[in-house]
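A.B. asks: Chain by chain, the residues:
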Amino acid sequence: MLVNRGYLIPAIGDIYVKCANKLANSIKQWHPDANITILTEDMLPYGKFPGYVNDWQCYDASPYEQTIKLEADMVCASPIDHWWDLFSNRNVVISQGCRNFYDQPGTSRYYRKIFDNNNLPDVYNAITYYQKSDVAKEFFKLVRDIFENWNSYKTILKFPDPEPTTDVVYGIAAIIVGVENVTLPNNMTPTIVHMKKHIINSIDDDWTKELILEYTDPGIRINTVAQWGLVHYHIKELANE
Amino acid sequence: MTTGVLIFAFNNEHIDYLAMANWSAKNIRRHLQLPVAVVTDQVVPNNYFFEQIIPAKPYSGDIRKFADQDHNVTWYNGNRVDAYNLTPWSQTLVLDADYVVASDELKKVLVMKENFLAHKTAYDVTNQDNFNEQNYFGQYNMPMWWATVMMFRRSYEAKLIFDSMSMIKNNWQHYKDLYNTVHPTYRNDFALSIALNIVNGHAIVHKSIPWGLASLTPENKLSQINQDTFRIDFFTQDRKPRYIILSQDFHAMGKKHLGDVIAS
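Chains as they are written, first to last, in the numbering used here: chain A, 1 to 241; chain B, 1001 to 1264.
It is possible that part of the hints are untrue.
Unchecked claim - Here are the simulated lysine to aspartate or glutamate pairs, DMTMM-like style, with alpha carbons at most 25 Å apart:
no. : chain 1 : residue 1 : chain 2 : residue 2
1   : B       : Lys1176   : A       : Asp103
2   : A       : Lys209    : A       : Asp103
3   : A       : Lys197    : B       : Asp1177
4   : B       : Lys1176   : A       : Asp205
5   : A       : Lys196    : B       : Asp1177
6   : B       : Lys1207   : A       : Asp103
Worth flagging that the hints you see were computed from the coordinates, not collected in a lab.
Using the sequences plus the hints, can you model the full thing?
C.D. replies: Set out below in structure tokens:
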């Protein structure tokens, strides 16, 4: 029997399992009763495929009628349960855009050239909502198709990546099913704090070498600024803390 | 309850801030009908008028280069954190001496309910500079509040803000490193921005004056057409000469041009 709502955190590989546990613990700090499933390699319903290809399995793997799928290397810095009300009238919602740790919209397009070159929607799979539905099923079927036939799909892209990444695959799938069917209007979706060098203007790729990270239990502060929503820290070593 | 304006005026080798304050005080009385207190280390000439004169020693400032000055000048900006303790008013409008009051728009700030308000965004009146460099500070682009215009009421919140600014000024080396500021010089704008973050629970949420701070950069020439109307001559990015006419409050970041207007 399906439980109504829950968070699904894919974690393929040991370091991602550590990250997922850190994320799950941070969600539990705000929402002790939240349903959380960490999707490990042995739980993949169709077995493990190489690379990021396994993402499409999240549809069948989720034990929830409504799922918020989260990337593992994030931490939850504030309550997020109001997202259910925001999302539940849609079949699929992929977040769009990102923020810096000052809560300003990320303006650098350094990591998004392929999106701009190909007019793909600025989607981030780090926060993806779906409910069991024909639209969501079709969306993940497309995701599988794009991953498995990347050599064909990439011929229609300008400057394609040699290997598919989940965000680009989601962007292509969104265009095929209709961007309006899998996103909310801009500024309506929660966005991740993206701790990548060109978003936060850090000197080093490893921002933990130059910015102060504080755990406020619950919550975190970065360089004294209290964070909210999900913070994509991306430096996997933080999962060991 | 008393309401008034507080202006800090510490002259340096090249800029007569006291003359600016005296000129501004006349505009303030005319447009805002408010008394003016000046904080200065100078002997105030007989032909100047302020409702109150508050003597103070300037904190040793840093050396700063303004684009419209031929020389580096000493910048006595350290006293601003004492505004809460020095002001004789229960509601105070702190204005930079180079803030030109050419309208009654600041009356709107005085009737707002907040205990502390300042501008969060400044803009170039000539629209040649996007001010991205000015509205953020430090390596990581911390959003900046401007200390050019500050309204505060005697209150616990305002006291906390000024106490925090004072703490930041006294530990500037630490905060300079934390925010990784390019220029080592202490600025009240930086201290205010950091203080507002601290006082608001480390969140960048403080309410601000609901319009941008009109600003005139030092590269552009300022001249006065009549009492409250000014001409700004500037060059476009492709070096074409242009001018605009300004009849509003603005921050004259170029002290020399404003000094020339006042002296004329």
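A.B. asks: Sort out which numbered hints this structure fails and list those numbers smallest first.
C.D. replies: No numbers; nothing is violated.
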